[in-house]
Structures are given as C-alpha cells and as structure tokens.
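> Given chain A, put chain B in place with the hints provided.
Number of protein chains: 2
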Amino acid sequence: MKVRLEPAPVRGFRFAGVSAGLRNEPGRLDLGVIAADWPVAAAGVFTTNLVKAAPVIVAHQHVRRGRLQAIAANSGSANCFTGNAGLKLAHDSAKALAGALKCAPELIAPCSTGVIGRAYNLARYRSGIREAVAMLGPDRLGDFARAIMTTDTRPKTASMVLELGGAEVTIAGCAKGAGMIEPKMATMLAFIVTDAACAAPMLRHTLARALPASFNAITIDGDMSTNDTLLLMASGAAGNRPLRGREVGAFEAAVAAVADALARELVRDGEGATKLVTVEVRGARTAAEADRVARQIANSPLVKTAFFGCDPNFGRILMAAGKAGVALDLERLEVSLGGIKLASRGALRVGALERAAAQMKKREFGLLIDLKQGKGAASIMTCDLSFDYVKINAEYTT
Amino acid sequence: MKVRLEPAPVRGFRFAGVSAGLRNEPGRLDLGVIAADWPVAAAGVFTTNLVKAAPVIVAHQHVRRGRLQAIAANSGSANCFTGNAGLKLAHDSAKALAGALKCAPELIAPCSTGVIGRAYNLARYRSGIREAVAMLGPDRLGDFARAIMTTDTRPKTASMVLELGGAEVTIAGCAKGAGMIEPKMATMLAFIVTDAACAAPMLRHTLARALPASFNAITIDGDMSTNDTLLLMASGAAGNRPLRGREVGAFEAAVAAVADALARELVRDGEGATKLVTVEVRGARTAAEADRVARQIANSPLVKTAFFGCDPNFGRILMAAGKAGVALDLERLEVSLGGIKLASRGALRVGALERAAAQMKKREFGLLIDLKQGKGAASIMTCDLSFDYVKINAEYTT
Numbered sequence: 002m003k004v005r006l007e008p009a010p011v012r013g014f015r016f017a018g019v020s021a022g023l024r025n026e027p028g029r030l031d032l033g034v035i036a037a038d039w040p041v042a043a044a045g046v047f048t049t050n051l052v053k054a055a056p057v058i059v060a061h062q063h064v065r066r067g068r069l070q071a072i073a074a075n076s077g078s079a080n081c082f083t084g085n086a087g088l089k090l091a092h093d094s095a096k097a098l099a100g101a102l103k104c105a106p107e108l109i110a111p112c113s114t115g116v117i118g119r120a121y122n123l124a125r126y127r128s129g130i131r132e133a134v135a136m137l138g139p140d141r142l143g144d145f146a147r148a149i150m151t152t153d154t155r156p157k158t159a160s161m162v163l164e165l166g167g168a169e170v171t172i173a174g175c176a177k178g179a180g181m182i183e184p185k186m187a188t189m190l191a192f193i194v195t196d197a198a199c200a201a202p203m204l205r206h207t208l209a210r211a212l213p214a215s216f217n218a219i220t221i222d223g224d225m226s227t228n229d230t231l232l233l234m235a236s237g238a239a240g241n242r243p244l245r246g247r248e249v250g251a252f253e254a255a256v257a258a259v260a261d262a263l264a265r266e267l268v269r270d271g272e273g274a275t276k277l278v279t280v281e282v283r284g285a286r287t288a289a290e291a292d293r294v295a296r297q298i299a300n301s302p303l304v305k306t307a308f309f310g311c312d313p314n315f316g317r318i319l320m321a322a323g324k325a326g327v328a329l330d331l332e333r334l335e336v337s338l339g340g341i342k343l344a345s346r347g348a349l350r351v352g353a354l355e356r357a358a359a360q361m362k363k364r365e366f367g368l369l370i371d372l373k374q375g376k377g378a379a380s381i382m383t384c385d386l387s388f389d390y391v392k393i394n395a396e397y398t399t
Numbered sequence: 002m003k004v005r006l007e008p009a010p011v012r013g014f015r016f017a018g019v020s021a022g023l024r025n026e027p028g029r030l031d032l033g034v035i036a037a038d039w040p041v042a043a044a045g046v047f048t049t050n051l052v053k054a055a056p057v058i059v060a061h062q063h064v065r066r067g068r069l070q071a072i073a074a075n076s077g078s079a080n081c082f083t084g085n086a087g088l089k090l091a092h093d094s095a096k097a098l099a100g101a102l103k104c105a106p107e108l109i110a111p112c113s114t115g116v117i118g119r120a121y122n123l124a125r126y127r128s129g130i131r132e133a134v135a136m137l138g139p140d141r142l143g144d145f146a147r148a149i150m151t152t153d154t155r156p157k158t159a160s161m162v163l164e165l166g167g168a169e170v171t172i173a174g175c176a177k178g179a180g181m182i183e184p185k186m187a188t189m190l191a192f193i194v195t196d197a198a199c200a201a202p203m204l205r206h207t208l209a210r211a212l213p214a215s216f217n218a219i220t221i222d223g224d225m226s227t228n229d230t231l232l233l234m235a236s237g238a239a240g241n242r243p244l245r246g247r248e249v250g251a252f253e254a255a256v257a258a259v260a261d262a263l264a265r266e267l268v269r270d271g272e273g274a275t276k277l278v279t280v281e282v283r284g285a286r287t288a289a290e291a292d293r294v295a296r297q298i299a300n301s302p303l304v305k306t307a308f309f310g311c312d313p314n315f316g317r318i319l320m321a322a323g324k325a326g327v328a329l330d331l332e333r334l335e336v337s338l339g340g341i342k343l344a345s346r347g348a349l350r351v352g353a354l355e356r357a358a359a360q361m362k363k364r365e366f367g368l369l370i371d372l373k374q375g376k377g378a379a380s381i382m383t384c385d386l387s388f389d390y391v392k393i394n395a396e397y398t399t
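Quick note, the sequences are listed as chains A and B, same order.
Using the numbering used here, read the first sequence as starting at 2 and increasing by one per residue.
Using the numbering used here, read the second sequence as starting at 2 and increasing by one per residue.
A few of these clues could be false.
Each pair may be met inside one copy or between any two copies, as identical chains are not told apart.
Said to hold, decoys possible - Capping the alpha-carbon separation at 25 angstroms, the derived lysine-lysine pairs in BS3-like fashion look like this: (1) K53 with K89; (2) K342 with K53; (3) K392 with K362; (4) K362 with K89.
It should be emphasised that the hints constitute simulated quantities derived from the structure, not laboratory data.
In isolation and in its complexed conformation, chain A is listed as follows (with noise of 0.2 angstroms):
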C-alpha cells in the first residue's frame, strides 16, 4: 500500500474549485465543491473546541444521518462568531449547493476556515456555487484542494489505490492547515472520498481508527481550531463486494494512510515550519501517560525553538517532559534525537550533542524518550517554531 501525495479521480465523485470573490485577492481560489454523483454514506468528526463555528454545527447536524451528496467549503471566512446570522448564512449555503445540485439541503456539508468574527458575502457565494457546479469534474480534487487554503503555502493532496472485495478501490483526500493547529479529538479541514462501498457505521469506526496516529497525533502550535471538520464520504462506486474480516482491516488501514499523509502535509507545511519532529515516547505506564510527556515536548516553545536552532537542548525536553505530570526517573530515562543517544543513566553524553545538532539539521528526524517504566508509547508529530511563525501571525490581518 502506497500513499501518494497527488489527488486521484474517484469514481462517484466530481470536484471543483472557483474563484467567487470571498477573499480581496481577485483571481484567487476560494470556494471548493466536491459532488457526489448520489447521495452517499458519510461520517465526519469535528473540533472539540467550545466555540464552533456555525458550519460545523450544521455540517454535524447534516452528517449524523449517515449520508452527504456534497460538500462545500470556502476560505476567506470562518462563518465563526457570527450568531444567528452566520448560522443563517451557514444553511443558505447549504441550500445554495443543494439547489445548484437538486439534493435535499440536508445532504450538504458547508465548512469555512479563515477569519473569524468576519461573515461572506451570500451572493457572491451562490454565483460562485453555480459557477463551481457547472466546472464539476472528476480530475479538480486539486483545484477544490486550493481553494480551501488559507496561510498554507501549498495545496495537501493524497491518495491510494488498493485491491478490496474483489474491486479496485481508490481513496482520496486532501486537507489544509497551517496554524491554530493542535486538534485532539477532532480535526483540521479535511476530506477523504473512496469509491468503495461502505456503510456509514463502517465509515465512523473507520474514522475513529485513523484519528489517534494521524490528525489527532500533529501539532503545529497548540492552538485549536474552531472549525476543524473531517468528512468521509464513500460512494461505493468501485462495485466491491460488502466488505468483511480482513478487508474491514484494510480497508481501515488504507483510509488511516491517506489521513496519516495528509497530517504529516499540515506539519510539513505549519507555519513558518522548517523541520517535522516525530517526538515518540516509549516505555511509560500507560499509552495516556506517554501521550501526556510527548504533547508536553511537542508544543514547549522552548524545544521548538531550540528544533529550528538544530540545538540538542536536552535540558529543555527534560523540562517540558517534567511539566506533563508524569513521575520520572531520571537515572533510567533515555533519551535519543536524530538517532544519536543524548542521555542515559541520569548523565548526559555530552560527546553526543554535536553528533546530534548535526542530525537535526536534516528535514526531517525523530526525538525519542524511553521512559523504562512499562509499555506505554505514544507519537506526535510537530514542527520547529521559527521567525517565520511570528512573522506569519504578526501579519495576518484581523
């Protein structure tokens, strides 16, 4: 099983991205539409944060009845902070694309991601919708992938294609992020279509599954959306038999490899990110406690600066690791970055340091801690905290 990092086409599926005037850029792509050709199983998890922006809460609304026939999402405006107005504009939307198609407002999906505060201009969207609908086609899952993107510097597309239930299927996705990025148990903008046929429980189980190591395993600054949306949407054109046993499995696998790319695409491309961190701790009591000592390191400003400065600073992973709450002993922890051991029975190898800030000057590399006090283990993947961060968010007008 290969993941690509390009879109696929997928049969059912037709997709579209359009310049509508939302955002002051003219020419700029700013509203996406992917169609299934029918209604369609679909499941989607959403930010956990207390703030929702009004399309999550009609996305949700409109999802939890286990069938989508669209989805349609713009930049330029979260539709967040907007009361009833905004979630006005959210349903209209809705109906917008739902009329451009003749479905059931019902069967829509609306996600923003952008300003927040700020509504959009509903003419100017449903031009836009119909402008969109009439461009549907199965080859613009990269058009729709740069519409939807705000400071990413570059669309986030992946794709797969795997034998299952006697068929060909293909699985394809794509996702935009940047900042305010650490989703927990919910996710970033992002959307994955396959062609298999798939009821919605599957497609839930299926999402639920692929969350803890990918989406939910990625932070870019500890900041949580309020519109992070994942949808799942399966046309089951692909004609494979109902899949059981080992297929459920792999097919499961093969959607968590779509998302596990796509996530690492958001930290490749987090703000102002020049380096991807897999910061992995092992040998904690528990997979939470482990989990708790990783997200500690992974959003320490202090180790992400010290990651964009190919600085070894044990002193400063040490730190973040005793802010997590987690008993350690320091005579037995263990401590490696790049490869290269730093610490080990309560003394660091100071011979190490250089061998290590070499290896951090590479792209990518790992940060690993053994805690040596049983089999807990947990990854995340973030990215070092660079001038271009500040100078991203300084700049990034209200």
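Same frame as chain A, but now just chain B:
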C-alpha cells in the same frame, strides 16, 4: 504603600555578587550571596515540575525547618539532571557558604539557574563564596540580582518601606526570569527579605497569600522551570512588636506588592518581550474557570504573535478561550482590548478594531473578557511572542 523598583538596605541582611568564573564570560557576575547576621525565620516555595534540580531538593529540605541564615545562588548551571553528583554538589555548595559564615549547612539554601545537565566547578564556586562573603555589604542587593541573571536583559529588584507594629519595616527582593516561565504552583528564582520580626509560619502564610496574584499569575511561554524557587527571610531587626490583626494583613499585602512588582518585571523582561499584557477574565462561574480561560489566552502563540503585531485579532482570542473547556455564551460575552470594546451581544464591533490596534502600540495594555456567567475572576500577566523570542531561544547554547 509604594513599591520602588530599586534595591534597598534591609537591617540584618548583607548582600554580594561576584564573578566566580562559573560561566564562560570573564568578569560577568555569576555567584551571589544573601546573608542574615544570625539565623532568621524563613519560608520557601519551589517548582512543581516533576523534574527538580538538585539545589531545589536541598533548599527545600533546609527551609522546611523554618530557619535560614543565608542563600547562595549561581547562574551558568542549573545543576539539574546531574544525578547523585549534582546532589552532592548542592550539599557541598551549602557547606562552602556555611563554612565561610560559620553556621550549620542546614541554614543555607543553595539555588542554581542556567543550563540543564551541566554541573559547575566546585573549586571555583568555593573561592567565589569566600570572595563574596568578604565583600558582603548592606547595599549590594543590586550586585546579587545581577549575579543570578541568565537571558535577563537587566536585574530586577523591588523594595518598599512601611510602618508596622510600631517600627519602620523594609521589604526588598529580587528575581530572575526571562524564559521557561509559567510557574503555576511554584515560582521563578526570586528572593525577598525583610527586617520585620515575623515567625516562619506567618512567612509561609504570607507567601501562600502573595503567590496567586504575583508569580503564579504570570506566563512568558508556558514552560515551567526545573529550578523555580522563591525564598522569603525575615531578620526581625526592625524591632517591631509581634504583628497581629490588621498588621498581619498589612505585612502580607506589602510582601504581595513587592512580589507583584518583581513578577511584572519578569514579564516586562520576558525573552524578546515588547509588551506586557494583563489578561483579565471576569464573570466566570468560578475563579478556577476564569483562570483556565485567562491562561489559555495568555499562553496561545497565535494570540501572543497578534499582540506583537498590534493586531486586535478577536478570532484568536475567542479560539483560545474556547480551548479552556469552559462553556461560553457567545451571545453575551464582552471583550475589550486596551479599553476598547471589541465584541458584545454576539457581534464584532468592526469600527472598534482600528482604535484597539492603536492602543496595542503601547508597551502595556489590558485584555478584558467578561463571560457574564457569574462572579469568578482571574488575571494573568503575559507578554507578546516576538522575533527575538525565537532568536534568543534558537541561539542559546546547550
């Protein structure tokens, strides 16, 4: 009661700061001593990070008895993750000062700050201690404050004089900070001495009262040091009669005012900080909920970069508030920045943004969120996240 940001002589105490050669910077002060003329009442609070430096363990043991005669504090090495050798080093350091002052080692609190995982040279430390003791003087608190600086750009001192129990009482202190600062239940390296006559239990109570609104109400980067220490010593040389009733409250308030002044100084001089922002949450159901919301906002990298950019980014404030796990009523909450109301009744006051941006150009301003749910309130002081925070921390050597 007026706190001055300057050192002051305190009867019964002498101070020194010398260059012991513990850092690789010839001539830079790196070892300080605060010595009482006799064993005096003392109290301390220490980091709650589960990774504790050796001097924290030793100082905690020694101050537990309620009496200290002196403090020895060095920069250049945190003496943390230094194993049993580090523990011995902390004990030997206490012994060195005890020998020079001719008192029991249990009356000495050793404190260290600097790089983690590295010990300091004991021979240099000992000769530095001898030199410092020979130089002890009532006017040298400023030298001491200088000796404990790491990435601080200036020494931080505060003092006040008040009438108490029929005597003139002086309270003076100093602190070092700069990075790795979100003390929570503990505090940074900070020392406060007074000539008031005060028993150890009252000093402990005074610290417990002073902490929540001072050292525990600040954050620079949400990172918690392994060496956080706050010590309070009272010589009794002021000759006041035992404090009671309102006098106890007045003493506590005075110590709290000195602690608050030092805490503010820490934030003003936070690594790369250009602004001090007081995040105040009112109208929460409980003080604990208010504190959670305030800390999420005060620690959000997206909010802090917006402060740096003078960007009244309401969306990020809302996003950060929503992460706190506290249910918010978006239709009712009010948000003011620099005294300008940004949002009320569920809507952003767009015209206010420009005026708020102008207020944010000041070096100090407030962010007020009224949740309109109850009477719980909390206030956290934070700073902005600037290019220089990244620069300082990407370049600070391991």
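> Now, for every hint given, state plainly whether the structure supports it.
Hint check results:
For a Cα distance limit of 25 angstroms, the shortest separation of K53 from K89 inside one copy, 15 angstroms, qualifies, whereas the shortest one across copies, 54 angstroms, does not. When the C-alpha separation of K342 and K53 is checked against a cutoff of 25 angstroms, the pair qualifies only between copies, where the shortest distance is 22 angstroms, while the shortest distance within a copy is 43 angstroms. In the homo-oligomer, the alpha carbons of K392 and K362 lie at most 25 angstroms apart both inside one protomer (22 angstroms) and across protomers (17 angstroms), since each shortest distance falls under that limit. In the homo-oligomer, the alpha carbons of K362 and K89 never lie at most 25 angstroms apart, since the shortest distance is 50 angstroms inside one protomer and 37 angstroms across protomers.
Violated hints amount to a single one, hint 4; each of the other numbered hints is respected by the structure.
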